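Asker: Residue numbers (our numbering), protein chains in the order written: chain A, 406 to 580; chain B, 678 to 842.
FYI, nobody ran anything at the bench for these hints, they're computed from the structure.
None of these values were measured; they are calculated from a predicted model.
Just so you know, not all the hints are guaranteed correct.
For the chain B half of the interface with chain A, some residues (derived, Cβ under 7 Å), not all of them [as the list claims (entries may be wrong)]:
hint, residue
1, A735
2, E739
3, V740
Glycine is no exception: its CB is placed at the ideal position from the N, C-alpha and C atoms.
Here is how the chains run, residue by residue.
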Amino acid sequence: MSDLTPPVSSADHAEGPPDAPVTLVEYGDFQCPHCGHAFPIVHALQKAMGNRMRFVFRHFPLTQAHPDAEPAAEMAEAAGTKGKFWPMHTMLFTHQNALDLDHLAGYAGKLGLDAAWAGDAVAKHEFLDKVKRDFKSGVRSGVNGTPTFFINGMRYDGAYEYEAMLQAVEAAAAD
Amino acid sequence: MAADPNASSIFPAGTRAPDFTLPSGLGTTVSLKQYRGTPVILAFYPADWSPVCGDELALFNEVLDEFKEHDAQLIGISVDGIFCHMAFAEARKLRFPLLADFEPKGAVSTLYDSYRKDVGYSKRTLFVIDDQGLIAWSYLSPEGSNPGADGILKALDSLKNGAAK
Numbered sequence: 406m407s408d409l410t411p412p413v414s415s416a417d418h419a420e421g422p423p424d425a426p427v428t429l430v431e432y433g434d435f436q437c438p439h440c441g442h443a444f445p446i447v448h449a450l451q452k453a454m455g456n457r458m459r460f461v462f463r464h465f466p467l468t469q470a471h472p473d474a475e476p477a478a479e480m481a482e483a484a485g486t487k488g489k490f491w492p493m494h495t496m497l498f499t500h501q502n503a504l505d506l507d508h509l510a511g512y513a514g515k516l517g518l519d520a521a522w523a524g525d526a527v528a529k530h531e532f533l534d535k536v537k538r539d540f541k542s543g544v545r546s547g548v549n550g551t552p553t554f555f556i557n558g559m560r561y562d563g564a565y566e567y568e569a570m571l572q573a574v575e576a577a578a579a580d
Numbered sequence: 678m679a680a681d682p683n684a685s686s687i688f689p690a691g692t693r694a695p696d697f698t699l700p701s702g703l704g705t706t707v708s709l710k711q712y713r714g715t716p717v718i719l720a721f722y723p724a725d726w727s728p729v730c731g732d733e734l735a736l737f738n739e740v741l742d743e744f745k746e747h748d749a750q751l752i753g754i755s756v757d758g759i760f761c762h763m764a765f766a767e768a769r770k771l772r773f774p775l776l777a778d779f780e781p782k783g784a785v786s787t788l789y790d791s792y793r794k795d796v797g798y799s800k801r802t803l804f805v806i807d808d809q810g811l812i813a814w815s816y817l818s819p820e821g822s823n824p825g826a827d828g829i830l831k832a833l834d835s836l837k838n839g840a841a842k
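For reference, chain A alone in the conformation it holds in the complex:
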């Protein structure tokens, strides 16, 4: 009950080389405090692993618990169409307490995007399909909360702490 479905593809947002020996996938929610906790840890892992790790982020907004999570995910997708997915990802995780639509549009503006266009795209749910696809794939992959990580396609059930995760990705790289 824990294999990544579908596997990582060009439809995903990825940082790092496609042929890296380790691919770390996170199913996350921009309003989830645990995901916020994991954010700097993932960054540190990326730094430590360098070109040996590719990081992929898929959306898993818990919309009933976190009402701003889905619009935030839509904003990340909107930014992604302009090549700014990762800067927006950072922006959202570093402003988890202000994710209402006005703030979201403001973040787009800060990243040099057209704030009015981005806010409008989110309000009209132009990128909701992609977010929903990610969510459904997460459910099928056995995501049971946020964040859920997959290392080379297998669900990682260990702690969301740096040492534990580094050990796990190093082990996967050595396989």
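Fit chain B to the known structure of chain A by using the hints.
Answerer: Quick look at chain B alone, frame taken from chain A:
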């Protein structure tokens, strides 16, 4: 995670699901047999008010639309009383019934081999019951582990594929 996918099952597929009637709110009750004709997902769980982000019911609440695509009805059952359930459902915006296995305590959970008498609450178990009232799939989660919804969806898929044949 068990290597044998059937190792965690509780009842063999095809077992008739025991009928029951439990309170669902103030003066209202729900019986299993009223759902005959549609698949039912029974989710026994230890207690209301577990932490949100990793919470099984919060996840199921999000996946409800997919369950509905299979015409399946989700029902949560724990030994909490109706007032506790009502407050919990409202706070978490749960969109499915929570039944109170409160008096006699744990009786229905016991019927489904889902009760821990030593601690006085239900185990974390899942049952997918077909439209004829037969158990198609069951699963006991390891202690402290949220099972996710993929097992339920696979069981519902098999029901649909079976019906199509």
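Asker: Hint by hint, say whether it matches the structure.
Answerer: Now the hints, each set against the structure:
no.	hint	in the structure
1	A735	holds (5 Å)
2	E739	holds (6 Å)
3	V740	holds (5 Å)
Checked against the numbered hints above, the structure breaks none of them.
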